[in-house]
Amino acid sequence: MVSMASSLGKKKKMSVADIVIIVFIVALSFTCIVPFLYMIALSLSSNEAIISQKVGLWPVGFTLETYKTILSDVEMLYTLGYSILLTVFYTVVGMFLTICGAYPLTKKRLMGRNFILSALVFTMYFSGGLIPSYILVKNLGMMNTVWSLVLPGAMSVFNLIILKTFFTNLPESLEESAAIDGCSDLGILMKIVLPLSLPSIATLSLFYAVDRWNGFQDALFYITDKNLYPMQMKLYQIISANQQLDSQQGGEGSAGSFIVPESLKAASVMFTTIPILLIYPKLQKYFVDGVMTGAIKG
Amino acid sequence: MKAVLEQDYASKKKKNKFLHNIKRDKWLFALLLLPLAYILIFRYAPIYGVVMAFQDYNIFAGIKRSEWVGMDVFQFIFQQDSFYRALKNTLLLNVYDLIAGFPAPIILAILLNEVRAAKFKKITQTVLYLPHFLSWVIIGGMVYLMFSNSGMVNTFLANLGLAKIEFLSQKVPWLMTYISVGVWQQIGWGTIIYLAAMTGINKELYEASDIDGCSRLRKVWHITLPGIKSTINILLILQIGRMVSIGFDRPFVMGNSLVSDYSDVISTFVYRVGISSGDFSQATAVGLFQSVVGLILLIGANYIAKKLGEDGIW
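Just so you know, the protein sequences line up as chains A and B, in that order.
Here my numbering is used: the first residue of the first sequence is 47, the next is one more, and so on.
Here my numbering is used: the first residue of the second sequence is 158, the next is one more, and so on.
These aren't lab readings, by the way, just hints derived from the structure by calculation.
None of the hints are false.
Computed cross-link-like contacts, DSS-like style, restricted to lysine-lysine with a CA-CA straight-line distance of at most 30 Å: (1) LYS183(B) / LYS153(A); (2) LYS210(A) / LYS386(B); (3) LYS154(A) / LYS174(B); (4) LYS171(B) / LYS153(A); (5) LYS328(B) / LYS100(A); (6) LYS180(B) / LYS153(A); (7) LYS154(A) / LYS183(B); (8) LYS328(A) / LYS237(A); (9) LYS279(B) / LYS331(A); (10) LYS237(A) / LYS180(B); (11) LYS278(B) / LYS328(A); (12) LYS154(A) / LYS180(B); (13) LYS183(B) / LYS169(B); (14) LYS464(B) / LYS376(B); (15) LYS463(B) / LYS154(A); (16) LYS276(B) / LYS331(A); (17) LYS463(B) / LYS210(A); (18) LYS272(A) / LYS184(A); (19) LYS172(B) / LYS153(A); (20) LYS153(A) / LYS169(B).
Same shape as in the complex, but just chain A (with noise of 0.2 Å):
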């Protein structure tokens, strides 16, 4: 009874260390939040206040000059909607992949099992390096398609042990009495096995979508045809025009041939980043989830 008075008493004011943690905690997001403003900001200004410094996190100069320049340009819509299917096949393939590798290491009976695990965590620790993945690429004859940036990471040995750890934890009796009732292994796992992890495999397959969204290497490594890069690495090549000369020559605007504004790259980094702040508060649980399953494994 004491103890409840004293901590319903806790509750009601807030000790001076509450401000000090809440404070913390909100500047700390803010620094999550300014940048985009500043994008936001950069993006909408015109380029002279850009140039004279005048932009802070509320445009100056106020024009839609940079987004109508960027919708108009076909080659990044382009690249924008090659991104999303790209983002989605490659979720499909590795999806199709863990699933199929993690069903039937959950079955204790399978023959090889923990050979078959350790040949598998192995390759978590032990990789051989950029070089031979890249001579491998070049020897099947996947540079410059789309399958150099689908079939080299499609599979993650990290997922697929999570949605083993899922498998594992679902009621064993649901299975059992399908096996009684004369279902095989394959209709065990499609009839109930999937339907019951459909939470799971929304989640593991957020984090292959986000690993394509995000990947940027092996487009740089494998892909020279423009018409197959994804959209990080059309972004990067737009950042990076002219920045060696800008940081050299203290970021006045020099006049030459290859110029990118300011304005223009700050709305190529919205525009990239858009797709994620789209998605990103509803499916935040999910990724959540797939987190803390992958840390009770380990």
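Starting from the known structure of chain A, arrange chain B on it as the hints suggest.
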């Protein structure tokens, strides 16, 4: 005679059991076929590919017909200043990341755990997790626009009457930017595992310490921290195991020619030597060096953790 017969019988039985197992689990093996083929081709074939490090690899001759040179490639690499520069930078950046980035999520998780307003907690967490979902290209673009000489931060400093800081082209400011952006990107997301571990702590411990009149700090020190100790250990082992390996995107996007003395790391070195210049053997050797040292570090850290009576990762 009898013994031979028995042996024969036993081996037959073994064979039958083998066939029986395969027949019984035919669907399971069928399902495994593609994933295993995938792992063999895309994970184990590159591991076999490291033999290039012991060859004078010629892209037209391939692994089969390239000339074997033993340890020559390694000897050559270990004489290169640029290799030591990349190795040194990799270690340095990783050590800085460990010092600044490892405790940060633990501290934030403890602070978040102290917040009682559920709604406030939920909203700030959503915001704090966001940077984890941004690619390094996006972050690099933002950093460039914010920290360049004409960017927001320098504008702000100028308005305060302070001198410009060349965040992107001078050693110390660049290092600070690189490290703090890394902390910023991971601090929120890193808290999830610790917060999950904290929910596993027995509530009665806190209640009992309330009755004893323990201060908040003491509760954190004596209940919360011990409760997440094994999680801290595991993450520390994993991070130590990654001391010599470094992602490609972050140093590549954030580095530039003015800071390459500090930003050129093993991954960007391998890219430059291997893919840009086509010295496949050298780049493979550096990659193999990195993989082997990484594995040794991981095993070593795990061994030490176990010796100290902690949970390891295996």
